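We have chain A; now place chains B, C, D, E and F onto it with these hints.
Residue-level listing of the chains:
There are 6 protein chains.
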Amino acid sequence: MGKTLDEFNAYQQRMNKKILAANDKTMKRIYNTDTNAYLAGAMDVKTKELLGLVASMVLRCDDCVRYHLLKAHENGVSTEEVFEVFGIANLVGGSIVIPHTRRALEFWEEISASEQ
Amino acid sequence: MGKTLDEFNAYQQRMNKKILAANDKTMKRIYNTDTNAYLAGAMDVKTKELLGLVASMVLRCDDCVRYHLLKAHENGVSTEEVFEVFGIANLVGGSIVIPHTRRALEFWEEISASEQ
Amino acid sequence: MGKTLDEFNAYQQRMNKKILAANDKTMKRIYNTDTNAYLAGAMDVKTKELLGLVASMVLRCDDCVRYHLLKAHENGVSTEEVFEVFGIANLVGGSIVIPHTRRALEFWEEISASEQ
Amino acid sequence: MGKTLDEFNAYQQRMNKKILAANDKTMKRIYNTDTNAYLAGAMDVKTKELLGLVASMVLRCDDCVRYHLLKAHENGVSTEEVFEVFGIANLVGGSIVIPHTRRALEFWEEISASEQ
Amino acid sequence: MGKTLDEFNAYQQRMNKKILAANDKTMKRIYNTDTNAYLAGAMDVKTKELLGLVASMVLRCDDCVRYHLLKAHENGVSTEEVFEVFGIANLVGGSIVIPHTRRALEFWEEISASEQ
Amino acid sequence: MGKTLDEFNAYQQRMNKKILAANDKTMKRIYNTDTNAYLAGAMDVKTKELLGLVASMVLRCDDCVRYHLLKAHENGVSTEEVFEVFGIANLVGGSIVIPHTRRALEFWEEISASEQ
Numbered sequence: 050m051g052k053t054l055d056e057f058n059a060y061q062q063r064m065n066k067k068i069l070a071a072n073d074k075t076m077k078r079i080y081n082t083d084t085n086a087y088l089a090g091a092m093d094v095k096t097k098e099l100l101g102l103v104a105s106m107v108l109r110c111d112d113c114v115r116y117h118l119l120k121a122h123e124n125g126v127s128t129e130e131v132f133e134v135f136g137i138a139n140l141v142g143g144s145i146v147i148p149h150t151r152r153a154l155e156f157w158e159e160i161s162a163s164e165q
Numbered sequence: 050m051g052k053t054l055d056e057f058n059a060y061q062q063r064m065n066k067k068i069l070a071a072n073d074k075t076m077k078r079i080y081n082t083d084t085n086a087y088l089a090g091a092m093d094v095k096t097k098e099l100l101g102l103v104a105s106m107v108l109r110c111d112d113c114v115r116y117h118l119l120k121a122h123e124n125g126v127s128t129e130e131v132f133e134v135f136g137i138a139n140l141v142g143g144s145i146v147i148p149h150t151r152r153a154l155e156f157w158e159e160i161s162a163s164e165q
Numbered sequence: 050m051g052k053t054l055d056e057f058n059a060y061q062q063r064m065n066k067k068i069l070a071a072n073d074k075t076m077k078r079i080y081n082t083d084t085n086a087y088l089a090g091a092m093d094v095k096t097k098e099l100l101g102l103v104a105s106m107v108l109r110c111d112d113c114v115r116y117h118l119l120k121a122h123e124n125g126v127s128t129e130e131v132f133e134v135f136g137i138a139n140l141v142g143g144s145i146v147i148p149h150t151r152r153a154l155e156f157w158e159e160i161s162a163s164e165q
Numbered sequence: 050m051g052k053t054l055d056e057f058n059a060y061q062q063r064m065n066k067k068i069l070a071a072n073d074k075t076m077k078r079i080y081n082t083d084t085n086a087y088l089a090g091a092m093d094v095k096t097k098e099l100l101g102l103v104a105s106m107v108l109r110c111d112d113c114v115r116y117h118l119l120k121a122h123e124n125g126v127s128t129e130e131v132f133e134v135f136g137i138a139n140l141v142g143g144s145i146v147i148p149h150t151r152r153a154l155e156f157w158e159e160i161s162a163s164e165q
Numbered sequence: 050m051g052k053t054l055d056e057f058n059a060y061q062q063r064m065n066k067k068i069l070a071a072n073d074k075t076m077k078r079i080y081n082t083d084t085n086a087y088l089a090g091a092m093d094v095k096t097k098e099l100l101g102l103v104a105s106m107v108l109r110c111d112d113c114v115r116y117h118l119l120k121a122h123e124n125g126v127s128t129e130e131v132f133e134v135f136g137i138a139n140l141v142g143g144s145i146v147i148p149h150t151r152r153a154l155e156f157w158e159e160i161s162a163s164e165q
Numbered sequence: 050m051g052k053t054l055d056e057f058n059a060y061q062q063r064m065n066k067k068i069l070a071a072n073d074k075t076m077k078r079i080y081n082t083d084t085n086a087y088l089a090g091a092m093d094v095k096t097k098e099l100l101g102l103v104a105s106m107v108l109r110c111d112d113c114v115r116y117h118l119l120k121a122h123e124n125g126v127s128t129e130e131v132f133e134v135f136g137i138a139n140l141v142g143g144s145i146v147i148p149h150t151r152r153a154l155e156f157w158e159e160i161s162a163s164e165q
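Protein chains in written order, with the working numbering: chain A, 50 to 165; chain B, 50 to 165; chain C, 50 to 165; chain D, 50 to 165; chain E, 50 to 165; chain F, 50 to 165.
All clues given are correct.
It does not matter which identical chain is used: a pair holds within one copy or between any two.
The calculated lysine-lysine pairs, modelled on DSBU-like cross-linking and capped at a C-alpha distance of 35 Å, are:
1. 95 x 66
2. 66 x 120
3. 74 x 120
Everything labelled a hint here was simulated from the structure, so no lab data went into it. All values derive from a computational prediction rather than experimental measurement.
Just chain A, with the same shape it has in the complex (with noise of 0.2 Å):
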């Protein structure tokens, strides 16, 4: 498994520790609607990854968009799907988007090459 993506989730999982352990209401609250968000309900939890993922692309914000590439991975999206949601991203959010779709193309490949 790659280094990026053993970095990413240590520093995720340290700082989210210490974000939660200074017991702000509110960020507590946020980080709970978080993850209750993308359980299944109406939608099955691979659609609602697929929505996350998108959202994250087109606000251009690359740790939300290694997150949901993780969770996709993990509810059995295909690499054409990827690029399918890619494809939409970029489309709706405009040019500034290819950047991060190199970036999440990478962290994608890793997350692929790291089950292997």
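For chains B, C, D, E and F alone, coordinates are given in the frame of chain A:
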């Protein structure tokens, strides 16, 4: 069928026609890509419209939201699913998405009423 | 009391009620967090409303700006303070905030006139 | 001359006057910088107005777009050039710029008609 | 004192000096306005820095966040207050602010450690 | 030639190649439109690159800024002109553009040094 929905459709069609009539190559290519990106591929049309909807909501583009609500309705998206898209959009994009959610719901109700 | 202010309040209340009536858990959690985040804590309510106002201005959300102007007025924010918020918002967010500042000032004048 | 154009100009002038009358130093400095940034320098006024226009479009500020369309028209920008700005704005900023392009074209037609 | 903090300060000072040395009038006016906007007025410096911080967070500008965290620290802002700013920023700006909150907290800890 | 510039070019070329190799129609259309939008038309290439640069700056896309700085340099844009673009970008987009201006200037200096 309500007036807002009619007005929206009429204005959009009238101005799109003018934009395309100007024969600017870049604008024509973008319109062409916009049409094709939502066709069935690795993902079905319904899923793609949900992606277009959530991307439009977090980027806070009311007219884009209206367009994708119309398409979502045509492709059998339920009110429960629309609300789950609203939830993810408001979580990822923040409380600034709330005013757009109010207008989106109003439009969704109009679309739903128009078919009866 | 002016019409715009009345209309704003009526529309907001009517649609918020509908959104909450749909019982979508994510939307309800976000509304709940939104209510609680501005309660007194380490910072007083007035300071928090100023924060909500400047955040809404730089993100260019007119309805959010109106909401926080109402709350700021209720909590004793002066016109001089409002203008200093406008200044920081226009500096940080750029001249694209100017049109929102025009509408914010118009609404602030209406709020101020409504109490007389 | 059409009503929208008149209304836009009247509202803008009335509110700008009020904003400046409040004597907030930051707001006055920003207005002052805004006036001076588009004066001829290493680039001519026309080029600078094209820059102001494309920046306003990708940031999706309708009133800013209107202002720069007026200035662009005064400085001899052609309809072909306006469409090329539209093209770059829609490419870089994505399909969320399309609704603003519709309104921009409508305003441009009104400006063009008003001079005859 | 940690390296990140030193590097941030050194890079910022070096490049700001170069930008100002170019003598571009617009850039100089913006730097000048930026300095003056946060001086005491109807609001005190601490409140203004909190406004600068929340605006920088919702606009997701890490270097701006760092700058205002430094200023907030100098003006006696507590860790509890910083977390309440984080809360409002994440509520208004959405979960895309979370990665910036992680980096902001890391920098805040470094500032806090550097004074001991 | 500096390392940053080399790395930027190498990474961009490597990832663009992979993106295009995936044969996603939407992504290919967007890349194709991106190439064609900056060709000479009613406006010359230099003006179009200035438009691409200012749009990239206000949307705060560092890699897009770098790309257009390279193209601007190839098309004879002067340092004075680049600074006037910086000025308009910082005015329209606000002080959150300042960190991107620092990095843009650093890259511009590297491009300028690389040709000697």
